[in-house]
Amino acid sequence: MPSKPVIGVLALQGDVEEHLFALGRAGAQSRAVKSRDQLEGLDGLVVPGGESTTVMKLLRRFDMEQPIVERVRSGMPLWGTCMGMIVAARDVADMKEQPTLGLLDITVRRNAFGRQNESAEVDLLVPALGPRPFPAIFIRAPWIERAGQAVELLASRNGHGVMVRQGNVLGTSFHPELTGDPRVHAYFLAMVEHARIGKRSTAA
Amino acid sequence: MEKTGTDTVKRGLAQMLKGGVIMDVVTPQHAVIAQEAGAVAVMALERIPADIRAAGGVARMSSLELIQSIMDAVTIPVMAKVRIGHFAEAQVLQSIGIDYIDESEVLTPADDKYHVDKHAFTTPFVCGARDLGEALRRIAEGAAMIRSKGEAGSGNIVEAVRHMRAIGDTIRELHAVPQEELVARARDLGAPLELVQQVARDGRLPVVLFCAGGVSTPADASLMMQLGAEGIFVGSGIFKSNDPKKFAKAIVDATTHYEDPKIVADACRSLGDSVAMHGLDVRKLPESEMLATRGN
Numbered sequence: 002m003p004s005k006p007v008i009g010v011l012a013l014q015g016d017v018e019e020h021l022f023a024l025g026r027a028g029a030q031s032r033a034v035k036s037r038d039q040l041e042g043l044d045g046l047v048v049p050g051g052e053s054t055t056v057m058k059l060l061r062r063f064d065m066e067q068p069i070v071e072r073v074r075s076g077m078p079l080w081g082t083c084m085g086m087i088v089a090a091r092d093v094a095d096m097k098e099q100p101t102l103g104l105l106d107i108t109v110r111r112n113a114f115g116r117q118n119e120s121a122e123v124d125l126l127v128p129a130l131g132p133r134p135f136p137a138i139f140i141r142a143p144w145i146e147r148a149g150q151a152v153e154l155l156a157s158r159n160g161h162g163v164m165v166r167q168g169n170v171l172g173t174s175f176h177p178e179l180t181g182d183p184r185v186h187a188y189f190l191a192m193v194e195h196a197r198i199g200k201r202s203t204a205a
Numbered sequence: 000m001e002k003t004g005t006d007t008v009k010r011g012l013a014q015m016l017k018g019g020v021i022m023d024v025v026t027p028q029h030a031v032i033a034q035e036a037g038a039v040a041v042m043a044l045e046r047i048p049a050d051i052r053a054a055g056g057v058a059r060m061s062s063l064e065l066i067q068s069i070m071d072a073v074t075i076p077v078m079a080k081v082r083i084g085h086f087a088e089a090q091v092l093q094s095i096g097i098d099y100i101d102e103s104e105v106l107t108p109a110d111d112k113y114h115v116d117k118h119a120f121t122t123p124f125v126c127g128a129r130d131l132g133e134a135l136r137r138i139a140e141g142a143a144m145i146r147s148k149g150e151a152g153s154g155n156i157v158e159a160v161r162h163m164r165a166i167g168d169t170i171r172e173l174h175a176v177p178q179e180e181l182v183a184r185a186r187d188l189g190a191p192l193e194l195v196q197q198v199a200r201d202g203r204l205p206v207v208l209f210c211a212g213g214v215s216t217p218a219d220a221s222l223m224m225q226l227g228a229e230g231i232f233v234g235s236g237i238f239k240s241n242d243p244k245k246f247a248k249a250i251v252d253a254t255t256h257y258e259d260p261k262i263v264a265d266a267c268r269s270l271g272d273s274v275a276m277h278g279l280d281v282r283k284l285p286e287s288e289m290l291a292t293r294g295n
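From first to last, the protein sequence lines are chains S and U. Going by the working numbering, the first sequence opens with residue 2, and the numbers climb by one from there. Going by the working numbering, the second sequence opens with residue 0, and the numbers climb by one from there.
Because the hints were derived from the structure by calculation, they are not lab data. Predicted model, so just to flag it, every value in this text is computed and none were measured. Built from N, CA and C at the ideal position, the CB exists for glycine as well. Some clues are possibly wrong.
[Said to hold, decoys possible] Output of the computed footprint for chain U on chain S, the stretches with three or more beta carbons under 8 Å from beta carbons of chain U:
(1) 10-24
(2) 134-142
(3) 162-176
[What the hints assert, rightly or not] Far from chain S by the CB rule (all over 10 Å, computed), these chain U residues:
(4) V8
(5) E35
(6) S62
(7) L63
(8) Q67
(9) G84
(10) R161
(11) R164
(12) H174
(13) P191
(14) L194
(15) S273
(16) A275
(17) V281
Let the hints inform the model, and build the full structure from the sequences given.
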């Protein structure tokens, strides 16, 4: 029986507890990560919902940007929800000055579905999760305006990409952590398991 | 199927603001300073609470031109205040697309008996509370986020501490008492039984709880987070200090790392010889000048 994977949730700001709880329910050991030291020993990292301008500033101020990028480039899975997907993106449409981590080859448009009055609960078809629609919660949500060739589009809403994967990096415009539906968390944990098996076989 | 304005999306935006600082701003330039410092949202106002207090007279919803100019200046969410019970001001703010409405005791109440029916709106509301009963009454009316009232514009943290402790103590009490006491507890709290049962079961409010009213230093922010606040509103504390940029950044850093005294110390040190707002002794305020007693 392999040990439970250890998943960090970036805890500089945002809906951290909700992800910690959902990851636990999906069978992972989860812990909040606020400093570069706490990145040690993680099998995967979730960047939660929150404010992307705030979190990018804090990542730089507390010297966490490079260590995260290095870990993900060397294979650690990362999943960004809403703000997290913006942070992981290559760039932000019409905001070339906004820094990002550049881990997903996509251009996102912030608040693309509108301000808070347009925030919505949507039944979203995600073929990778099976035929039953996913109860997707969009809050001042971004969409994916451009995706590189290496990026797999997993779901769209009104013709705009809202869930993508590129190798070990997953991005969702919506918030699975606010629902009771564990399927996206389970999908990410499968990515983590895959990476762990890869790491073990390389070590052997 | 798409549903807007549900409790989930209204409460959800507050969940995205957790661990962050929401700053009062009176100009688009302030709003940019706040965003640059790392604020998660701004509250657009004509005057900060300390100046409302000084000016006297009737304080109302801010000019739409000012609010719109602040919405245009930043990408983070923008909140604005309406008078307690003034649902027409709230309808106006909803129509211009504000992200959150604060039904606030800082403005002069429009209704001395009733608050706004917040269920009737797509735009979410945040409301102030001094204790758990007040918080649950506001949630019953549809508030999607609660903040302590504190004593706005005082620069004095004592009232916010009193309110956060009162809310936290009663939640812990409810979590511990046997089921059969809950009806009587609900009666004493003046809150709906269903919400009292929910709080007793979960050991927390069903919505996000921020601290507001009197935060003026990084250590104040750390104190309130350690007392159970999930984020911080700073009203007068930033733009009544003599170096708003430094204060804004220091309060953000101390809120993020509230449980790490070394980082809070760095935040305090970063202020150099800048001075926090002067502040008031709330014990010397006459009852008629206390803002927290407005609305119940």
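These are the hints, each one checked on the structure:
Coverage of a stretch by a chain is defined here by at least three residues with a beta carbon nearer than 8 Å to that chain's beta carbons; for the stretch 10-24 of chain S and chain U the count is 8, and the condition holds. Only residues whose C-beta sits within less than 8 Å of a C-beta in chain U count toward coverage, and the stretch 134-142 of chain S has 4 of them, enough to reach three; the restraint holds. Given as covered by chain U, the stretch 162-176 of chain S fails the check, having 1 residues with a CB less than 8 Å from a CB of that chain where 3 are the minimum. With a minimum CB-CB distance of about 4 Å to chain S, V8 of chain U fails to clear the 10 Å threshold, and the non-interface call is violated.
Non-interface status of E35 of chain U relative to chain S is broken: a Cβ of that chain comes within 10 Å, the nearest being about 8 Å off. At the 10 Å boundary, the C-beta of S62 of chain U stays outside the reach of chain S, the nearest C-beta of that chain being 19 Å off. In this structure L63 of chain U is separated from chain S by more than 10 Å, as the shortest Cβ-Cβ distance comes to about 15 Å. Listed as a non-interface residue, Q67 of chain U keeps its Cβ farther than 10 Å from every Cβ of chain S; the least gap is roughly 12 Å.
Listed as outside the interface, G84 of chain U is consistent with that label: its C-beta sits roughly 22 Å from the nearest C-beta of chain S, beyond the 10 Å cut-off. With a closest Cβ-Cβ approach of about 26 Å to chain S, R161 of chain U is found to remain outside the 10 Å limit, as its non-interface label requires. At roughly 21 Å, the least C-beta separation between R164 of chain U and chain S is larger than 10 Å, which holds for a residue marked as non-interface. With a closest Cβ-Cβ approach of about 17 Å to chain S, H174 of chain U is found to remain outside the 10 Å limit, as its non-interface label requires.
At roughly 24 Å from the closest C-beta of chain S, the C-beta of P191 of chain U stays outside 10 Å, upholding its exclusion from the interface. Every Cβ of chain S is farther than 10 Å from the Cβ of L194 of chain U; the closest lies at roughly 20 Å, confirming the non-interface assignment. Residue placement check: S273 of chain U keeps its beta carbon more than 10 Å from all beta carbons of chain S (closest about 19 Å). For A275 of chain U, the requirement that its beta carbon stay farther than 10 Å from each beta carbon of chain S is met, with the minimum near 22 Å.
Consistency note on V281 of chain U: stated as away from chain S, and its beta-carbon is indeed over 10 Å from all of that chain's, at 30 Å minimum.
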